[in-house]
Amino acid sequence: MATNPGLFTEWPWKKLGSFKYVLLAPWVAHGWYEVATKGWREVDLGYIAILPSLLLRMLHNQAWITISRLQNARGRRQIVRRGIEFDQVDRERNWDDQIILSGILLYLGALYVPGGQHLPLWRTDGAGLIALLHAGPVEFLYYWFHRALHHHFLYTHYHSHHHSSIVTEPITSVIHPFAELVAYELLFSIPLIACALTGTASIIAFEMYLIYIDFMNNMGHCNFELFRTNYSLFMPFYDYIYNTMDKSSDTLYENSLKNNEEEEAVDVVHLTHLTTLHSIYHMRPGFAEFASRPYVSRWYMRMMWPLSWLSMVLTWTYGSSFTVERNVMKKIRMQSWAIPRYSFHYGLDWEKEAINDLIEKAVCEADKNGAKVVSLGLLNQAHTLNKSGEQYLLKYPKLGARIVDGTSLAAAVVVNSIPQGTDQVILAGNVSKVARAVAQALCKKNIKVTMTNKQDYHLLKPEIPETVADNLSFSKTGTAKVWLIGDGLDSAEQFRAQKGTLFIPYSQFPPKMVRKDSCSYSTTPAMAVPKTLQNVHSCENWLPRRVMSAWRIAGILHALEGWNEHECGDKVLDMDKVWSAAIMHGFCPVAQDATEQFRTQKGAHFIPYSQFPPRMIRNNCCTYWTTPAMVVPKTLHNMHSCENWLPRRVMSAWRIAGIVHALEGWSEHECGDMVLDCNSSLVLPCCSCLMLWLPVNAE
Numbered sequence: 001m002a003t004n005p006g007l008f009t010e011w012p013w014k015k016l017g018s019f020k021y022v023l024l025a026p027w028v029a030h031g032w033y034e035v036a037t038k039g040w041r042e043v044d045l046g047y048i049a050i051l052p053s054l055l056l057r058m059l060h061n062q063a064w065i066t067i068s069r070l071q072n073a074r075g076r077r078q079i080v081r082r083g084i085e086f087d088q089v090d091r092e093r094n095w096d097d098q099i100i101l102s103g104i105l106l107y108l109g110a111l112y113v114p115g116g117q118h119l120p121l122w123r124t125d126g127a128g129l130i131a132l133l134h135a136g137p138v139e140f141l142y143y144w145f146h147r148a149l150h151h152h153f154l155y156t157h158y159h160s161h162h163h164s165s166i167v168t169e170p171i172t173s174v175i176h177p178f179a180e181l182v183a184y185e186l187l188f189s190i191p192l193i194a195c196a197l198t199g200t201a202s203i204i205a206f207e208m209y210l211i212y213i214d215f216m217n218n219m220g221h222c223n224f225e226l227f228r229t230n231y232s233l234f235m236p237f238y239d240y241i242y243n244t245m246d247k248s249s250d251t252l253y254e255n256s257l258k259n260n261e262e263e264e265a266v267d268v269v270h271l272t273h274l275t276t277l278h279s280i281y282h283m284r285p286g287f288a289e290f291a292s293r294p295y296v297s298r299w300y301m302r303m304m305w306p307l308s309w310l311s312m313v314l315t316w317t318y319g320s321s322f323t324v325e326r327n328v329m330k331k332i333r334m335q336s337w338a339i340p341r342y343s344f345h346y347g348l349d350w351e352k353e354a355i356n357d358l359i360e361k362a363v364c365e366a367d368k369n370g371a372k373v374v375s376l377g378l379l380n381q382a383h384t385l386n387k388s389g390e391q392y393l394l395k396y397p398k399l400g401a402r403i404v405d406g407t408s409l410a411a412a413v414v415v416n417s418i419p420q421g422t423d424q425v426i427l428a429g430n431v432s433k434v435a436r437a438v439a440q441a442l443c444k445k446n447i448k449v450t451m452t453n454k455q456d457y458h459l460l461k462p463e464i465p466e467t468v469a470d471n472l473s474f475s476k477t478g479t480a481k482v483w484l485i486g487d488g489l490d491s492a493e494q495f496r497a498q499k500g501t502l503f504i505p506y507s508q509f510p511p512k513m514v515r516k517d518s519c520s521y522s523t524t525p526a527m528a529v530p531k532t533l534q535n536v537h538s539c540e541n542w543l544p545r546r547v548m549s550a551w552r553i554a555g556i557l558h559a560l561e562g563w564n565e566h567e568c569g570d571k572v573l574d575m576d577k578v579w580s581a582a583i584m585h586g587f588c589p590v591a592q593d594a595t596e597q598f599r600t601q602k603g604a605h606f607i608p609y610s611q612f613p614p615r616m617i618r619n620n621c622c623t624y625w626t627t628p629a630m631v632v633p634k635t636l637h638n639m640h641s642c643e644n645w646l647p648r649r650v651m652s653a654w655r656i657a658g659i660v661h662a663l664e665g666w667s668e669h670e671c672g673d674m675v676l677d678c679n680s681s682l683v684l685p686c687c688s689c690l691m692l693w694l695p696v697n698a699e
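Final position of the sequence shown in UniProt numbering is 699; the numbers increase by one with none missing.
Note that these hints are calculated values from the structure, not bench results. A quick note: this is a predicted structure, and the numbers were derived from the prediction, not measured. All residues carry an ideal CB built from backbone N, CA and C; glycine is no exception. Certain hints may be false.
Heads up, simulated EDC-like pairs for lysine to aspartate or glutamate below, C-alpha to C-alpha not over 20 Å straight-line [claimed, not checked]:
#1 Lys395 x Asp570
#2 Lys361 x Glu351
#3 Lys368 x Glu351
#4 Lys577 x Glu565
#5 Lys461 x Asp570
#6 Lys20 x Glu85
#7 Lys454 x Asp490
#8 Lys331 x Glu85
#9 Lys395 x Glu360
#10 Lys444 x Glu463
#11 Lys398 x Asp357
#12 Lys387 x Asp357
#13 Lys444 x Glu466
#14 Lys444 x Asp423
#15 Lys20 x Glu10
#16 Lys398 x Asp367
#17 Lys14 x Asp87
#18 Lys14 x Glu185
#19 Lys368 x Asp349
Ranges between beta-carbon positions, derived for each pair [stated by the list, open to error]:
#20 Tyr112 x Phe606: 53 to 59 Å
#21 Pro26 x Ile204: 21 to 27 Å
#22 Tyr318 x Pro26: 41 to 47 Å
#23 Asn644 x Gln424: 38 to 44 Å
#24 Ile211 x Pro5: 38 to 44 Å
#25 Ser164 x Pro52: 29 to 35 Å
Could you build the full structure based on these sequences and the hints that come with them?
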């Protein structure tokens, strides 16, 4: 949104959401009706070609998004070396609105503009006229219109919305308020209308011009420098004529070309892989809207199964891992590499050797590039595949990079997700390396661990220290209300749990949630990342925003702390040390606060007393209030920005307390253990203990 939104800022069909494409339905239906009644020989092909043209433009834009994100993930030729956050992704979610708008205008032109009907496929004179009109009037008018948009009034009311994105992506080029984009559409329609009126219009020339505009716009907003303009559109000679060329752009251009062929150095490499067939769209270089939300299977994605199978074949034949994400935390640079295989490939015996070769190649490449840590995510660390990564260490004993499977942190997250006061848990599902570490840690804390599988119980029993071995037992009918669950747990076994049971998975993949009767499910082992971890604008598989799996965080901690030991095979690091390091660096548990909130009844009021707002996960008639804050009086001037997450003209109680201290002239300090009198008649009118509490959605 612009700094001070003007008239016609919002798109008219914003409230329609994904149903906005229905706006084109009447014209599409009319076109097919014309085909059905007149046949292909008599129908207006230009009118029919509008829909395929719009689809082609959407595919073209998506291709630029994918190319740009893959390029930026590798850290090459970047102009702005900063991260993108979720607010930018949300702001640019409606990039297809301009295609819908241009589609409406094209349909109207094909129906009502003289000379816009029954166009031929190609006319050379029309194509030449379009090129001349674009280079002349369009570029000239665009230059002065763009300069006007940077005037204070138009900039604050409209154009500032576009410049809210500091780190641009291809689709940033079309992120404008409705009124501004209408002006652009009318400007670019000048060559098309002129061709129609002069009788020189053609279908291919029109399509080439629209693709040209999209191509140049996308290329100019990729965050890697290819050509230079300032106020001009694609031809900078007006900037030179009117002396508005920003000379710093030359420096930017030269700097972006330095070390062109060298990729950015990396400290931590996390190896992941594709999961389901549709997960390719959810990856960061895929569909931006899907990648910015936790992965769920959508019905309309199933209609894309031919493309999904084709992408699977292409990735399967690709013989190397590829970079999908780049992050920075403090001075540690991280990348996520994807092994070009899907989850079902890991279950095929004849694929294991090929998968191991791919992982081994990625580990060696990361080590060659100077990576300090390589963390193995999802099934890349399966014991049946490579003995939790130990196989590569045995083959390359002089490996410089540390191989980390993240067991210690994953187990620590599970243990610390168990509610305080719990004295008994049930361990169900396949016993993994994480499950063994969790069972040992709980037994040492004198928490009873009941296993439901007799064979797994006999395998795990010898690994428990003799002094606490009695805390591990076997029973088919456990009564504990905390279940630690892993892969292989079927629905029937879940239904054995009592009502109100808390299911805490220790597996890489989330369980099938079949219990809806007051039971709650935690996330797979994961933690919320601190704000110092930048360029996080996509969700890791099914996890919420700004939440990473414990296995991935373990590699980051390894690099931050400078630990020299590997964590693979049967090796498990000190869980308490790893957990303390995670908390110290700002990583926060997410499972515990979620389950605590789900224990409250419907209609509960959550009133935080903390500095930061809680994670709002209860939407069933529950109300979340702001962090301690008050509405400021009108006598407090120059209030034109919001304080963090608070509404307009609302300040945090901690900030107001200092203002009140000065207004009242109090001489005492309020620090350490000192707390002013909240009930004093002198303090009551404006003390931070008496708040005007506002719901988060009060505005």
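The hints, checked one at a time:
1. Lys395 x Asp570: This hinted pair holds, its Cα atoms lying about 17 Å apart.
2. Lys361 x Glu351: Holds. Lys361 to Glu351 sits at ~15 Å (cutoff 20 Å).
3. Lys368 x Glu351: Cα-Cα ~26 Å, so violated.
4. Lys577 x Glu565: holds, 13 Å
5. Lys461 x Asp570: holds, 16 Å
6. Lys20 x Glu85: violated, 26 Å
7. Lys454 x Asp490: holds, 16 Å
8. Lys331 x Glu85: holds, 19 Å
9. Lys395 x Glu360: Given pair Lys395, Glu360 holds - Cα atoms ~10 Å apart, limit 20 Å.
10. Lys444 x Glu463: holds, 12 Å
11. Lys398 x Asp357: With a Cα-Cα distance of about 18 Å, the restraint between Lys398 and Asp357 holds, given a limit of 20 Å.
12. Lys387 x Asp357: holds, 14 Å
13. Lys444 x Glu466: holds, 10 Å
14. Lys444 x Asp423: holds, 12 Å
15. Lys20 x Glu10: holds, 14 Å
16. Lys398 x Asp367: Since the Cα atoms of Lys398 and Asp367 sit roughly 10 Å apart, the hinted pair holds (cutoff 20 Å).
17. Lys14 x Asp87: holds, 17 Å
18. Lys14 x Glu185: holds, 19 Å
19. Lys368 x Asp349: violated, 30 Å
20. Tyr112 x Phe606: 53 to 59 Å: holds, 56 Å
21. Pro26 x Ile204: 21 to 27 Å: holds, 26 Å
22. Tyr318 x Pro26: 41 to 47 Å: For Tyr318 and Pro26 the Cβ distance comes to about 43 Å; the hint holds.
23. Asn644 x Gln424: 38 to 44 Å: holds, 42 Å
24. Ile211 x Pro5: 38 to 44 Å: Since the Cβ atoms of Ile211 and Pro5 sit about 31 Å apart, the hinted range of 38 to 44 Å is violated.
25. Ser164 x Pro52: 29 to 35 Å: Given about 33 Å between the Cβ atoms, the range holds.
In summary, the structure is inconsistent with hints 3, 6, 19 and 24 from the numbered list given earlier, while agreeing with the others.
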